[in-house]
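Chains as they are written, first to last, in numbering that gives the first Met the number 0: chain A, 0 to 102; chain B, 0 to 527; chain C, 0 to 209.
Worth flagging that the hints you see were computed from the coordinates, not collected in a lab.
Some hints could be false.
A few chain C residues facing chain B, derived, Cβ under 7 Å [claimed, not checked]:
1. H8
2. M21
3. G22
4. L25
5. T29
6. V32
7. V36
8. L95
9. P125
10. G126
11. K127
12. N138
13. S144
For glycine and all other residues, C-beta sits at the position ideal for the given N, C-alpha and C.
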Amino acid sequence: MDLHHITPIKTYIKVLALLLFLTFITVIVAKPVSGFDLGHLNTFVAFAIATVKAVAVGLIFMGLKHENKVSRNYFISAILVLLVLFSFLAFDIATREVLVNPL
Amino acid sequence: MSDLLGKNYINCEKGLWSWLTTLDHKRIGIMYLIAIVFFAFLGAVFSLILRYELFSAGKDFLTALQYNKVMTYHGAIMTFMVLVPGIPAVLGNILLPLQIGAKDVAFPRLNLLSWYLLILGAAIAIISLFTTGVDTGWTFYAPYSTGSAQSGTIFVVLGAFVMGLASILTGLNFIATIHQLRAKGMTFMRMPLFVWGLYATSIIQIVATPVVGITLLLLVAERVLGVGVFDPKLGGDPILFQHFFWFYSHPVVYLMVLPGMGVISEVVTAFSKKVIFGYKAIVYASVAIAGVGFLVWGHHMFVSGQSDWAGVLFSFITMFVGIPTAVKIFNWMTTLYKGSIEFRTPLLFALGFLFVFAIGGLTGLFLATLSTDMHFHDTYFVVAHFHYTMVGGAVMAVFAGLFYWWPKICGRMYNELQGQIGFAFVFIGFNVTFFPQFILGAMGMPRRYFDYLPEFEHLHAVSTVGSTIVNTGMVILFVVLYRAWKYGEIAGDNPWNATTLEWQTTSPPPHENFTKEMKVTGGPYDYA
Amino acid sequence: MTMRKHAHHFKDGDHEFSASKMGVWLFLCTEIVMFGVLFVAYFLYHNQYPETFAEGAKFLDWRLGALNTVVLLFSSFTMALGIHFCQKNDSKKAVLNLALTLILGAVFMIVKYYEYSHKFHLGLYPGKFFSYEAAESVNLAMYFSFYFLMTGLHGLHILIGMGVITWVLIRARRGEFNSKYYTPVEGVGLFWHVIDLIWIYLFPLLYLVG
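Please build the complete structure, drawing on both the sequences and the hints.
So, in structure tokens, the structure goes:
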């Protein structure tokens with residue numbers, strides 16, 4: 000790790016450009032904008048792009064790339080915990096014998 | 000009083016204001032102690048009201064609604080205000096920096112803020128007493144809590160949210176302290192086991208508490224705005240509330256007991272004058288309990304309407320909690336084996352812990368087994384089980400820790416005989432209170448009912464007598480501690496000849512804990 | 000430039016900096032988990048009531064969402080530059096960038112204000128205050144409950160973020176920060192980036208996927 004790492008402005012500009020480009024892409028491929036209807040794939044693409052953007056923000060803007068291991072691991076474990084919560088819930092709901100629609 | 004003891008953290012500044020604005024972790028710990036003893040007193044009063052209502056069958060002096068409220072306050076106060084902050088905020092605050100050779104916790108101001116948040120949250124929750132009160136049970140299950148429950152529910156829920164924030168900040172502070180402020184030479188594998196217990200606890204505080212935080216906010220939104228997330232009338236799923244709630248509240252029972260286990264490790268090794276058996280095994284077991292604790296919450300929901308397959312999965316995973324827990328218990332027993340044991344009050348509490356917690360843990364297996372839980376669910380068996388783990392685990396450990404470290408905290412020794420008498424009251428009273436409840440539960444007595452069939456009367460009466468004995472014991476113990484603080488004999492710096500760092504400074508420690516830079520060259524329990 | 004004394008329990012300024020930064024990261028973990036729970040609930044109900052959520056999403060204008068995404072991305076960029084110039088002892092430029100961040104935050108909130116008032120105008124309130132007449136799904140209110148809860152909590156964080164940016168801006172103007180001590184700017188920056196991070200997910204979730 001590098002405590003006082005100074006990221007050059009050039010890197011920041013590149014990342015910003017990447018983020019804007021990805022925002023443009025994600026808007027273009029979205030169903031309400033362009034009418035591309037790929038079913039569930041639409042959702043998948045949108046979140047894949049969002050994840051690339053999030054990683055870029057995390058690594059460069061937030062400096063996770065040069066952050067100490069402990070903070071990085073905690074940050075990752077927070078996301079893991081959410082995955083655990085989501086997967087058990089999804090498992091429960093998917094295997095309920097009758098999913099009663101209360102409405 | 001303190002003139003005999005030299006300059007220390009207690010007498011270095013004077014006046015109430017110097018306490019309310021202090022940044023010294025030891026003083027903040029004492030303030031937590033005072034606040035929590037007060038909350039515990041409130042919770043105990045509610046528990047006695049419950050027990051006396053249940054003393055005989057039929058309505059005695061409470062209506063069913065009043066009974067529900069008293070039961071809710073007992074549960075909510077004891078969990079959110081006593082057990083959750085209990086060991087970490089009192090003993091952890093005072094001892095964590097001392098045990099790792101630091102001058103303070105990483106963020107002293109945040110530490111003080113946590114205390115004020117706890118008080119604020121508690122105040123918000125207690126205000127509800129002057130409104131309609133709250134009758135949901137401490138679990139606030141939807142859709143009752145989102146619908147027809149008493150309107151005071153909002154206060155208690157918001158109070159619990161604010162106290163959750165306090166708990167998060169404490170956990171954050173401890174993790175940063177442990178990572179950043181250890182003395183030279185103290186590697187992770189040279190940390191005292193109490194510190195490891197606190198570390199595992201803090202992880203749970205950081206990752207699980209936000210879940211319950213947002214869930215409680217959603218509950219408030221549900222009541223105020225009718226958002227429909229948990230309300231089936233609006234298309235919501237009340238089981239989702241239980242999922243979110245237990246996702247926090249199951250790990251939180253480990254949050255209560257893990258630091259307690261840390262205390263037991265310290266006490267057992269100090270009073271058998273022997274290196275702890277299987278240091279690394281205990282460390283890994285602590286972390287494993289915290290980790291597995293996140294994967295088992297559904298065992299609270301076997302009869303809630305979650306899917307059968309989810310029930311099977313949660314039941315299966317729950318069994319794994321037994322392994323690290325048993326590892327710890329075997330390690331403590333092996334540490335005692337052939338040690339030069341000194342039966343002082345702290346050790347008695349530690350042995351009491353082993354006895355009570357073993358029963359609590361084993362009955363947990365009955366409840367984790369899907370088929371037997373169908374019978375035991377929502378009976379007194381469950382009530383007895385969690386009192387055996389949480390009161391056995393947390394409260395026995397709190398007293399073990401308080402008596403063990405009291406000479407360090409105030410520089411004076413408690414009266415041994417009086418301490419042991421107090422222990423006898425608590426230990427006997429506790430078992431008399433809760434053991435009959437296992438039998439009641441097995442016979443089919445449902446929990447949270449204010450009345451019961453005549454055949455349950457004898458056991459309920461025994462239980463009520465027991466609760467009176469326990470509470471008498473608690474009063475005795477606090478009087479013993481108070482008298483020690485005021486009039487006790489000077490204890491000396493290391494009355495137990497223990498080896499961890501806190502015993503190498505003066506009693507009570509000075510404001511900055513140590514007069515010189517500490518250096519560590521070996522493990523924490525060097526009794527060889 | 001004044002030299003700042005580190006707190007008594009740290010070895011030196013760097014030690015204090017690294018501890019403080021770790022504290023901020025741990026706090027951000029709790030933020031991620033808290034927002035994450037809302038996302039989890041959204042996913043589950045989206046799966047259960049796809050038509051309701053599709054109908055609700057039609058009321059959102061992706062152009063405004065995209066505009067706000069761009070605004071927040073730029074604000075993250077200026078925030079990063081603010082820290083960069085603190086590290087280089089250039090207070091003037093640091094102040095300028097912090098001020099820009101603040102303005103971009105305000106722009107975000109103004110756009111949000113327009114979006115909200117448009118929905119209130121139609122009667123698309125959350126929960127039981129929902130009064131839109133022409134809804135096809137029975138529980139369209141639930142979609143707007145989620146919409147307002149998630150964007151509302153996010154907007155609240157933007158406001159808090161603007162508050163703390165103002166605080167470091169004032170301190171930066173007084174010249175309190177330099178390459179040796181800029182901890183508050185760093186912490187506020189991390190907080191601001193996390194708000195951006197959450198919006199990066201909120202944008203496709205609410206505006207694009209439907």
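We went through each hint and held it up to the structure:
About 4 Å separates the beta-carbon of H8 (chain C) from the nearest beta-carbon of chain B, less than 7 Å, and the hint is met. Proximity of M21 (chain C) to chain B holds as hinted, the smallest CB-CB distance being about 5 Å (cut-off 7 Å). Hint status for G22 (chain C): holds, given a least beta-carbon distance of 5 Å to chain B, under 7 Å. Interface hint status for L25 (chain C): upheld, as the beta-carbon distance to the closest one in chain B is roughly 4 Å, under 7 Å.
A least Cβ separation of about 4 Å between T29 (chain C) and chain B falls short of the 7 Å threshold, and the interface hint therefore holds. About 4 Å separates the beta-carbon of V32 (chain C) from the nearest beta-carbon of chain B, less than 7 Å, and the hint is met. With a least beta-carbon distance of about 5 Å to chain B, the hint placing V36 (chain C) at the interface is held under the 7 Å criterion. Taking 7 Å as the C-beta contact cut-off toward chain B, the hint placing L95 (chain C) at the interface is violated, the least distance being around 30 Å.
Interface hint at P125 (chain C): satisfied, since its Cβ lies 5 Å from the closest Cβ of chain B, which is below the 7 Å cut-off. Taken as an interface hint, G126 (chain C) checks out: its beta carbon lies about 4 Å from the nearest beta carbon of chain B, inside 7 Å. For K127 (chain C), the suggested interface contact is upheld, since its CB lies about 3 Å from the closest CB of chain B, less than 7 Å. At about 4 Å, the closest approach between the beta carbon of N138 (chain C) and any beta carbon in chain B falls short of 7 Å, and the interface hint on this residue holds.
Against a cut-off of 7 Å between C-beta atoms, the interface hint on S144 (chain C) holds, since the closest Cβ of chain B lies about 4 Å away.
In this structure, only the earlier hint numbered 8 is contradicted, and the remaining ones agree with it.
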